[in-house]
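> Residue numbers (the working numbering), protein chains in the order written: chain W, 1 to 300; chain B, 1 to 295.
None of these hints come from the bench; they were simulated from the model. Backbone N, C-alpha and C define an ideal beta-carbon position, used for all residues, glycine too. A portion of the hints provided could be inaccurate.
[Claimed, not checked] Sample of chain B residues facing chain W (criterion: CB under 8 Å; computed from the structure):
1) 30
2) 33
3) 53
4) 71
5) 119
6) 147
7) 158
8) 162
9) 244
10) 272
11) 275
12) 277
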Amino acid sequence: MSAVITTAPTRPALRHRLAERGVDRTLLLVLPGALALLALFCYPFLYGLQLSFQPTAGGVFGAYRKFFSDPFSRKSIWATFSLAIPASLINVGASIPISYRMRRDFRGKRIMLAVLVVPITLGTVLTAEGILEFFGPAGWFNRTLHLLGLAASPMRLTMNYTGVLLSLIISGFPFAYLLTHSYLSGIHPSLEKAAATLGAGWWQRFRYVTLPLLLPGLLTTFSLTFVMAFAVFPSALMVGDPDGHTHVISIEAYEAALERFDYAQGCADAMIMTVLMLAVIGALAAARSRMYRGATGGKG
Amino acid sequence: MSTSTATAADAVDTDTGIAAAGRGRLAMRPGTWVTWAVLAFFLVNLAGVIGTVLLNSFGSRWFDSWMPSGWTGHWYSDAWKEFSLSRVLGVTLEVTLLVVAISLALGVPAAYALARRDFPGKKALNLLFVLPILVPPIAYGIPLATMLYKVHLAGTLTGVVLANLVPSIPFVVFTMTPFIEQIDPRIEAAARVCGAKTPTVLGRILGPLLLPGMLAAGILVLVRTFGMFELTFLTSGPTSQTLVVTLFSAVNSAGIRSTQSIDAMAVVYTGSMAVLLLIALRFVNPTQLVARSAD
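One chain only, chain W, in its complex shape (with noise of 0.2 Å):
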């Protein structure tokens, strides 16, 4: 009797006390969630990165020297990255004056935004067995160009670099557009009007107006369609050269795991992948972050 005294007074006290700070029942809400998140994301990456460094040869760091010594692997770093960056700088280049054009609203807009979506959603197996026989050397794109008499041989636009580049302009631009369109809607016109009225020209009233307020939501853009990009696969093996220019690096790190059963190096190839990405979502955050993030904008 008496212990139940002395222990009452405390133990109200530290549930109010871990409730005043947002901690009661109602977070065991979010536990089945995140146990799901630990189990199926946590624990096998960290599974995997164990697995780098038990690679069957070359002790701890085996398998990453294995990939930096290996000039096939190695490049595999160059071409990725020269495939990513051009596209998303394509795509949110040309999202940013269509998107300031289609701010008004006018007849067909929502049927135009539904159309930009069907790529998104044609996935990029559909996509690269579109370009392989559109722009193909007997295909439509070539036919016209032959038509109009601006070539006089089939362009080769498959196979190689420039088919992996369309594939991921067509489906990365309907993305970027849309998040640049919705991120640009943010932004209420009378800003603009105000400038106007003080007498700013079209372009002043982008380049100080607009584009400030638009920064922000056009890096989380740009790092968006760079993630994309990135990791594109199954269009650089099917309109690509997987074997010279579009070996990318999630083709190396597949072909390590599944092709050649090598585990270690295709979790070290991961592993590569995942801090080569991490490092540049991480460089554009910050730049982000020091980015005017006023009341009224392009979010971000």
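Keeping the supplied structure of chain W fixed, place chain B upon it in accordance with the hints.
Using the frame of chain W, we list chain B on its own:
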């Protein structure tokens, strides 16, 4: 004096106004034209990419000409038999529905707790939910597939569903968060004051209010799982392939398959995707399909 300055100011005003309008029109025109031309060029090529696949699947022979030499529908029955599409579609349906159901069951409560409570360690928890969306599927798919091979789940339907849950749970959380934030917590408090127990609050207050959000999240996960290639490719076996993986294997593995029957399968895929998309666009905004995180 005053009138003269007024008219002078007026004159200057109209003068600059006209000049500005004229300059604006001249400066805008090429830019506008180029922008629309680029967009039109993109859309024409997109239509070409989809159109060639569609035409090829109905053409009897198509070599070195503008149009196929004849029309036929037999590639569809060929593809249906050759790739046993009925089984593949069954597996696809099973995988996507399971992923939608499980990710909603796990994601909605988590989203509720994250939207309502502010607690120590919330940032770390948010990071846990952001990372699977940010890290490319290939990068975590390879270690995950390796682990699934070790526990003998790779190649099974369970393995495919587990792998697809990784990006789906965070996606549900981030789609649901704005829906939950817009529900006033005082509504729940009022229900409690009136004597409602937790099951009543969940079933009669929160449930109906959250239904539109759950519908949106469910459809988005459905569309994304249907088109998810990398994770399913890495973890599936011969009996657990979804449609998109079967399509890739048919294209990529050497063999004597006709491109037309592959294209027929591609059209089946695109058709199902288009139906899903039309349903999805009735309930969600196009930009929600691309937004990866609610940052």
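> Please go over all the hints and tell whether each is borne out by the structure.
Status of the hints after comparison with the structure:
1. 30: 12 Å, violated
2. 33: Violated - the Cβ of residue 33 of chain B stays beyond 8 Å from chain W, reaching only about 10 Å at its closest.
3. 53: Status holds, d = 5 Å.
4. 71: 17 Å, violated
5. 119: 4 Å, holds
6. 147: Interface hint status for residue 147 of chain B: holds (4 Å vs cutoff 8 Å).
7. 158: 12 Å, violated
8. 162: Constraint on residue 162 of chain B satisfied, holds at 6 Å.
9. 244: 6 Å, holds
10. 272: 10 Å, violated
11. 275: This hint is violated: residue 275 of chain B lies away from chain W, its Cβ roughly 11 Å from the closest one there, beyond 8 Å.
12. 277: 5 Å, holds
The structure fails to meet hints 1, 2, 4, 7, 10 and 11 from the earlier list, while all remaining hints are met.
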